[in-house]
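Respectively, the protein sequence lines represent chains A and B. Just so you know, this note's numbering puts 14 at position 14 of the first sequence, and the rest follows in order with no gaps. Just so you know, this note's numbering puts 27 at position 27 of the second sequence, and the rest follows in order with no gaps.
Certain hints may be false.
Straight line, CA to CA, 30 Å or less: simulated BS3-like cross-link-like pairs of lysine-lysine [to be verified]: (1) A:42 to A:105; (2) A:56 to A:42; (3) A:105 to A:2; (4) B:57 to B:13; (5) A:67 to B:13; (6) B:57 to A:2; (7) A:67 to A:56; (8) B:13 to A:42; (9) A:2 to A:56; (10) A:56 to B:13; (11) A:67 to B:57; (12) A:2 to A:42; (13) A:105 to B:13.
Rather than coming from a laboratory, the hints here were simulated on the basis of the structure. Remember, predicted model here, so these are calculated numbers, not experimental data.
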Amino acid sequence: QKEVEQNSGPLSVPEGAIASLNCTYSDRVSQSFFWYRQYSGKSPELIMSIYSNGDKEDGRFTAQLNKASQYVSLLIRDSQPSDSATYLCAGSSITGANSKLTFGKGITLSVRP
Amino acid sequence: KAGVTQTPRYLIKTRGQQVTLSCSPISGHRSVSWYQQTPGQGLQFLFEYFSETQRNKGNFPGRFSGRQFSNSRSEMNVSTLELGDSALYLCASSLAGGQGYGYTFGSGTRLTVV
């Protein structure tokens with residue numbers, strides 16, 4: 001199993017709907033999880049971080065972490081056309097004292113007006 | 001507060017040449033990580049530097065190398081370029097690395113090898 005996997009996509013939702021983006025991770029990844037948004041031709045931008053089980057809300061975004069099932073998700077409420085982008089899930093891979101962020105391949109979200 | 005600065009933005013090189021890319025992290029950030037992004041493979045970790053020391057390395061051949069200077073600026077070098085090295089190279093700045101901290105990415109260097 002890859003360290004961080006994002007298997008679904010692309011995803012298309014109508015404006016105003018809830019977009020649900022999912023990500024699973026392996027035992028080699030733990031501690032910290034992040035969601036990045038990347039617009040076409042731009043670099044990734046950090047939008048959410050989550051470290052403990054449960055939900056974390058920030059505006060229209062909610063990150064969910066379930067360590068028992070090893071998945072992390074991002075919900076976008078009231079989706080807007082400006083949310084159309086690729087969303088990257090990332091987790092910390094820790095080896096000894098060293099760590100790095102490992103990224104999934106991303107899910108492309110399209111919000112239809 | 002200035003962001004992460006990568007230079008140059010675009011590069012075109014021929015096979016066999018070498019290239020050096022530069023990254024200046026956010027002021028106060030001591031960790032610089034490099035990633036290669038391609039459509040097929042996504043973001044692949046190259047290496048991380050912290051306080052001038054390479055702390056972590058990804059699964060790339062020895063043609064890929066890097067260094068960090070005392071002011072935290074970092075360079076990466078790719079020697080004997082191959083067509084497959086064409087990619088977007090992203091530098092990411094962090095206070096102390098991936099554990100518990102998010103990264104701030106630069107705009108990237110788009111490398112095309114012909």
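These are the hints, each one checked on the structure:
no.	hint	result
1	A:42 to A:105	16 Å, holds
2	A:56 to A:42	26 Å, holds
3	A:105 to A:2	11 Å, holds
4	B:57 to B:13	25 Å, holds
5	A:67 to B:13	45 Å, violated
6	B:57 to A:2	17 Å, holds
7	A:67 to A:56	14 Å, holds
8	B:13 to A:42	22 Å, holds
9	A:2 to A:56	25 Å, holds
10	A:56 to B:13	45 Å, violated
11	A:67 to B:57	26 Å, holds
12	A:2 to A:42	25 Å, holds
13	A:105 to B:13	27 Å, holds
When the structure is compared with the earlier hints, violations turn up for hints 5, 10 and for no others.
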